[in-house]
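There are 4 protein chains.
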Amino acid sequence: MGAGNTIGERFVAMSFGESHGRCIGMVVDGCPAGLPLSEQDIQGQLDLRKPGQSQVTTQRKEEDKVEILSGVFNGFTTGAPVCMIIWNKDADSRSYEAIKNTPRPGHADYPALVKYGGFADYRGSGRFSGRLTATLVMAGALAQKLLKHTLGIDTVAYTLEIGGIRAGSITRENIASRYSNDVRCPDPAAAEKMKEAILQAKREGDSLGGIVECVSTGLPVGLGEPIFSSLESDLSKALFSIPAVKAVEFGSGFEGSKKRGSENNDTYYLDSTGKVVTRTNNAGGILGGLSNGMPIVMRVAFKPAASIAKKQETLDISTGREADLVVPGRHDPCVVPRAPPIVECVMSMVLADHAIRSGLIPPVLKKGA
Amino acid sequence: MGAGNTIGERFVAMSFGESHGRCIGMVVDGCPAGLPLSEQDIQGQLDLRKPGQSQVTTQRKEEDKVEILSGVFNGFTTGAPVCMIIWNKDADSRSYEAIKNTPRPGHADYPALVKYGGFADYRGSGRFSGRLTATLVMAGALAQKLLKHTLGIDTVAYTLEIGGIRAGSITRENIASRYSNDVRCPDPAAAEKMKEAILQAKREGDSLGGIVECVSTGLPVGLGEPIFSSLESDLSKALFSIPAVKAVEFGSGFEGSKKRGSENNDTYYLDSTGKVVTRTNNAGGILGGLSNGMPIVMRVAFKPAASIAKKQETLDISTGREADLVVPGRHDPCVVPRAPPIVECVMSMVLADHAIRSGLIPPVLKKGA
Amino acid sequence: MGAGNTIGERFVAMSFGESHGRCIGMVVDGCPAGLPLSEQDIQGQLDLRKPGQSQVTTQRKEEDKVEILSGVFNGFTTGAPVCMIIWNKDADSRSYEAIKNTPRPGHADYPALVKYGGFADYRGSGRFSGRLTATLVMAGALAQKLLKHTLGIDTVAYTLEIGGIRAGSITRENIASRYSNDVRCPDPAAAEKMKEAILQAKREGDSLGGIVECVSTGLPVGLGEPIFSSLESDLSKALFSIPAVKAVEFGSGFEGSKKRGSENNDTYYLDSTGKVVTRTNNAGGILGGLSNGMPIVMRVAFKPAASIAKKQETLDISTGREADLVVPGRHDPCVVPRAPPIVECVMSMVLADHAIRSGLIPPVLKKGA
Amino acid sequence: MGAGNTIGERFVAMSFGESHGRCIGMVVDGCPAGLPLSEQDIQGQLDLRKPGQSQVTTQRKEEDKVEILSGVFNGFTTGAPVCMIIWNKDADSRSYEAIKNTPRPGHADYPALVKYGGFADYRGSGRFSGRLTATLVMAGALAQKLLKHTLGIDTVAYTLEIGGIRAGSITRENIASRYSNDVRCPDPAAAEKMKEAILQAKREGDSLGGIVECVSTGLPVGLGEPIFSSLESDLSKALFSIPAVKAVEFGSGFEGSKKRGSENNDTYYLDSTGKVVTRTNNAGGILGGLSNGMPIVMRVAFKPAASIAKKQETLDISTGREADLVVPGRHDPCVVPRAPPIVECVMSMVLADHAIRSGLIPPVLKKGA
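The listed protein sequences correspond, in order, to chains C, P, L and D.
Taking this note's numbering, the leading residue of the first sequence gets 2, the next gets one more, and so forth.
Taking this note's numbering, the leading residue of the second sequence gets 2, the next gets one more, and so forth.
Taking this note's numbering, the leading residue of the third sequence gets 2, the next gets one more, and so forth.
Taking this note's numbering, the leading residue of the fourth sequence gets 2, the next gets one more, and so forth.
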């Protein structure tokens with residue numbers, strides 16, 4: 002509906018704001034009443050996303066302090082829309098003036114110029130800026146708290162690969178300390194190499210891409226609505242709303258397509274608690290679009306950041322002539338280190354929506370629950 | 002909305018029916034008035050999808066003859082909902098009775114049983130059957146005709162890989178003859194090997210997966226609605242509604258995430274007709290969620306079919322005991338050869354929706370146009 | 002979404018078919034699994050709606066036999082879409098050929114001709130025929146059974162006024178026998194006069210309008226979602242989808258707007274069972290868009306039927322010249338006697354949707370409940 | 002979708018904020034790019050709505066100064082969501098503390114308390130306050146400008162009746178000066194009596210209701226999407242989102258239901274410009290749910306305001322005992338004088354949505370147009 006700025010059916014989020022406008026914000030309609038909520042609940046994930054925290058991210062300083070404008074009363078959600086906002090500060094838009102006719106290769110500049118007839122706010126990439134992912138985090142952090150509070154669902158994401166360097170062993174323990182290094186990779190040895198690779202690319206005026214993996218645990222069996230609202234459908238739709246994402250796979254994904262059925266099928270058995278589980282999890286926790294009670298496992302590929310310092314060829318749209326482009330300003334040499342909290346939040350947003358649709362989270366939470 | 006059986010905003014399709022029920026069908030609401038349409042326009046794609054056409058697909062015979070029940074008058078669409086239906090024939094449901102308490106590994110049986118409290122129609126896998134992809138083809142073939150008729154958009158899909166065997170050279174010419182072999186792979190040499198691999202797996206009571214690639218050409222610049230209705234978001238949502246799909250990537254996808262920005266960015270230039278194009282197409286025709294005028298290139302991974310003849314371990318849900326399972330009935334040893342028409346149709350359904358949303362296709366087509 | 006043929010959020014109904022096409026039908030997506038359902042449950046309300054039952058309705062014979070094509074298995078709903086269909090029989094479309102260029106005053110002919118560019122199926126008024134209300138009855142009768150089965154909610158509608166003749170005393174008892182006379186008015190004396198007035202208008206080649214009143218009882222407190230999905234909002238939206246409806250009011254309605262607040266406010270007290278009730282019900286059971294536990298009381302005005310036998314002036318659209326029109330065919334001299342089952346069903350459709358949205362009806366009904 | 006705070010399909014508005022919270026606001030997604038827009042365009046209608054302008058409205062002073070936070074760049078809309086906000090000032094919530102357990106008769110207090118489990122923000126009636134109509138005005142004033150700018154559509158609303166006193170002659174001229182008296186009635190003589198009646202009711206601690214009439218001119222033929230998105234359906238849905246509205250009628254409405262078809266049908270002819278028009282307008286500009294090119298005429302009934310100074314009986318919900326209630330604070334003795342700008346805006350919001358759906362307003366407006 003509208004022009005694409007809304008997602009969800011029961012837990013509905015509408016994003017607004019521009020990178021260099023007055024603010025960015027999100028309104029969530031459909032959050033149940035009775036959830037304890039304060040700005041700190043949202044700020045935590047925003048702080049993990051914000052730039053300027055290490056050498057591997059852009060050196061721009063964005064405080065990104067969230068304010069809740071509505072929907073919370075006496076420390077609890079009320080059932081009314083929750084509007085969250087971050088005021089933009091000190092944006093320097095001059096560099097965008099210089100390049101507004103020379104679209105950056107790999108960026109939305111050119112199709113956006115055509116689509117919006119020149120009316121779009123191009124400063125800081127406007128609505129196409131990675132900065133807008135902060136609005137995804139606002140709604141998603143709220144969803145994450147709701148899922149944890151009501152159903153005990155946890156969602157964790159981490160860097161699996163950067164510039165072709167892949168993490169080795171991933172364990173429950175090292176996932177827990179994934180934020181202890183600059184690239185947010187659970188494997189500290191790989192993390193060190195990834196960091197070095199990013200710094201090298203940065204020195205060369207270039208950028209790297211990578212892969213984020215995400216795991217959700219504690220899900221009930223049967224979330225998801227086939228055919229068109231399968232969990233994979235709705236999760237992938239939301240994940241592709243993150244700029245720079247070009248691929249999504251669940252469970253064994255592309256690799257699984259090379260296996261045989263007898264290898265890829267996950268065999269059922271009862272675990273020691275009497276719960277139906279599978280010996281492997283090639284399905285990534287989803288069968289027929291429905292959660293099967295195993296952890297949801299998903300991987301998402303980010304292309305290398307489009308805005309690089311190196312000189313590139315492009316066109317001057319106003320003259321039709323070829324032009325050299327050196328993108329000014331400060332940009333992330335790799336967006337992957339900042340992506341895990343975004344991916345966690347986006348996943349949570351969709352799972353919360355489905356949990357409400359399935360009747361697992363009621364419209365009003367019990368007091369004291 | 003509802004229970005997930007509807008997709009689209011302006012070109013809206015609602016699927017109904019069960020694998021072994023009376024019929025399967027699709028209602029499309031929002032198809033513009035004035036499109037010449039007959040059952041033959043739909044039947045062509047259905048015939049390419051239907052089983053029993055070669056050794057590599059299931060030997061079940063399904064005639065799959067579509068009837069248009071509404072929305073067409075004097076040979077043109079009227080603007081009213083187009084209901085299309087296929088009457089089911091001679092389904093043999095006995096085998097499903099035998100396995101209704103022993104969920105097939107890799108299939109939706111178990112989560113569906115839990116989700117629907119035992120009320121779901123399990124015969125022939127009910128709503129979770131691959132047979133329901135015929136409803137996607139109904140809506141999608143209509144969309145494909147609409148796109149071709151109004152905007153000249155073509156969408157072609159073909160088998161890129163089966164059982165790890167990948168097509169070599171793909172050209173405009175061999176794509177055109179993709180349906181000349183049983184596996185629908187443009188590369189005839191690879192096609193031969195793929196076929197052999199499927200027959201080998203079949204002999205062993207096993208199954209294979211694979212990858213389908215899809216290319217849409219003739220798109221205008223600027224289709225797609227960021228943030229949440231980006232082309233990638235809406236295309237992936239629809240593609241994951243096809244059973245057995247576990248991964249979707251656009252352009253350079255996962256491979257692109259290993260490259261540097263300077264390699265992966267697509268440089269702009271003017272082609273000989275004065276059109277803005279890019280030298281490479283790592284973006285797969287989509288930047289910032291918007292079409293950039295280059296062909297959309299997408300790949301989708303199908304897991305090996307879950308229903309295999311080989312004996313498998315599972316649980317008897319009614320007793321909680323471990324049980325051996327030999328899936329009865331005739332099943333596809335590999336669904337990939339039947340997938341290309343489905344993928345074409347699903348892609349078209351989403352592109353038609355966006356073309357209407359963008360105002361590129363009007364509610365009433367001009368007579369004689 | 003689409004072109005307006007769908008209603009509801011959780012209990013979603015999509016209408017298809019044309020008056021003189023092959024069939025008319027409705028697909029309901031979102032009906033919970035586990036509701037006992039057979040065609041008889043739907044046929045009852047359809048029989049009360051169908052024409053040819055008395056002198057005061059059109060003498061066309063329409064059998065209107067419903068078939069359930071999907072979504073029911075072993076006598077229970079499965080959670081999958083329920084497709085219901087009526088095959089059209091023996092429609093005589095010749096008369097519409099004669100008048101297709103001379104739009105009937107008061108009917109949709111002229112705007113429909115302009116809107117659909119001449120592509121619409123005009124036979125029997127196509128999608129604008131009162132015949133399509135049978136699709137509302139299909140979805141609504143299902144909703145009515147669901148509400149009764151799960152929450153004990155009853156909805157009854159009856160004729161309050163025809164041709165300015167208003168029912169006198171309305172009681173619980175005479176409402177129960179509302180179908181014992183041809184005009185479906187609880188007050189038998191008024192019913193007699195109404196019938197006479199219709200027959201008189203019919204003899205003069207003219208038509209009458211009237212008012213239907215509807216009461217829903219057994220509702221919980223708090224149904225409805227302010228601001229835009231208030232009960233009044235969603236009920237009126239659905240009611241205005243019935244052809245010939247031109248006004249809707251709740252509780253004291255227009256009359257209430259002439260009162261003072263001290264008269265119109267409904268005072269709270271506890272009834273003998275300890276339930277919070279009000280002494281009067283000027284609010285018609287809805288405050289702030291939410292049900293307050295009192296019966297919902299609503300009235301809906303039907304204009305006199307547009308298709309009359311009397312000669313009328315109009316334009317010949319093909320020539321722009323004035324023309325005389327005598328509408329051929331057999332038409333209802335008054336649609337009100339056939340309206341009560343339609344109104345009951347439309348009300349039920351909306352209440353079922355809200356009951357599911359509020360979590361009062363779960364996605365799967367308990368077995369044996 | 003969500004919890005009912007969103008309306009529209011293409012021109013989508015989401016309302017947020019509470020009467021005594023930090024702010025109230027509206028986000029509009031789907032406004033085409035290229036519309037000249039400043040805060041003054043919105044403020045004009047807000048100023049006509051705001052209280053404290055005369056003796057007949059509440060003496061609360063609310064400055065209601067709107068700020069546009071997003072979606073406008075260089076004086077034009079960009080195609081991105083337009084977020085508009087009013088910061089609340091100096092609300093005095095103490096009086097609501099006193100009555101939070103004694104629900105006001107005729108107000109949403111009681112069902113809201115039950116529905117939201119005590120979590121709702123009850124201060125100033127929270128989301129149920131008439132203050133929230135300012136958010137309708139925000140979106141609607143934007144819609145009104147869009148309709149005027151692109152299609153030349155005008156919508157005017159005025160007071161037709163207050164306390165049973167009805168305006169006499171309504172003419173094009175006196176409609177134009179409808180804001181020249183305190184009650185916004187075009188007929189100055191009736192206006193004087195209405196004002197006196199309100200002041201009398203106020204002196205007695207009581208309140209009055211009334212009727213607002215609304216006329217839209219300049220509409221093309223064929224707006225509206227039958228069956229469920231008929232113009233009457235969508236307009237009434239939106240109108241019933243205004244607090245205190247209990248009835249809506251189009252054209253001859255309830256009165257028309259007493260007429261004969263031959264009287265109520267509107268005869269077609271060609272006017273002097275060659276346009277197809279009707280001699281009467283009993284249809285209120287809508288046939289079969291579609292605009293027919295004649296002015297849309299609609300009337301909406303407001304009940305007398307629920308919050309009155311007079312002592313009323315009610316229940317103490319916390320004890321179950323009967324209680325006397327004297328509503329503290331300053332309230333409107335009649336909301337009708339403030340309603341016309343709200344009604345105009347709500348009508349415009351729906352018409353803009355349909356104009357975009359019908360393709361009459363494109364996603365990007367031409368520069369200089």
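Take these hints with a grain of salt, some might be off.
Pairs involving identical chains hold if they fit within one copy or between any two copies, as the list cannot separate such chains.
Said to hold, decoys possible - Derived DSS-like pairs: lysine-lysine, alpha-carbon spacing no greater than 30 Å straight-line:
no.	residue 1	residue 2
1	K66	K260
2	K194	K66
3	K311	K62
4	K367	K149
5	K312	K276
6	K90	K66
Keep in mind the hints are simulated off the structure, nothing from the lab.
Note that the structure is predicted; figures quoted are calculated from it, not measured.
With identical chains, the pair K194 and K66 could be close in the same copy or across copies; at 30 Å between alpha carbons, which is it: within, between, both, or neither? Neither. Shortest intra-copy (32 Å) and inter-copy (55 Å) distances fail the 30 Å Cα cut-off.
Within, between, both or neither: K312, K276 at alpha-carbon 30 Å: between (58 Å within a copy, 23 Å between copies)
Reference check for the pair K66 and K260, CA-CA at most 30 Å: within, between, both, or neither? Neither: 47 Å inside a copy, 34 Å across copies.
Taking 30 Å as the upper bound on the Cα-Cα distance, should K311 and K62 be classified as within, between, both, or neither? within (23 Å within a copy, 58 Å between copies)
Within a copy, between copies, both or neither: which one fits K90 and K66 at a CA-CA cutoff of 30 Å? So K90 and K66 pass the 30 Å test inside a copy (10 Å) and across (23 Å) alike.
For K367 vs K149, is the C-alpha pair at or below 30 Å within one copy, between two copies, both, or neither? Both. Shortest intra-copy (15 Å) and inter-copy (27 Å) distances satisfy the 30 Å Cα cut-off.
Figure legend: structure checked against the earlier numbered hints; hints not met, in rising order: 1, 2.
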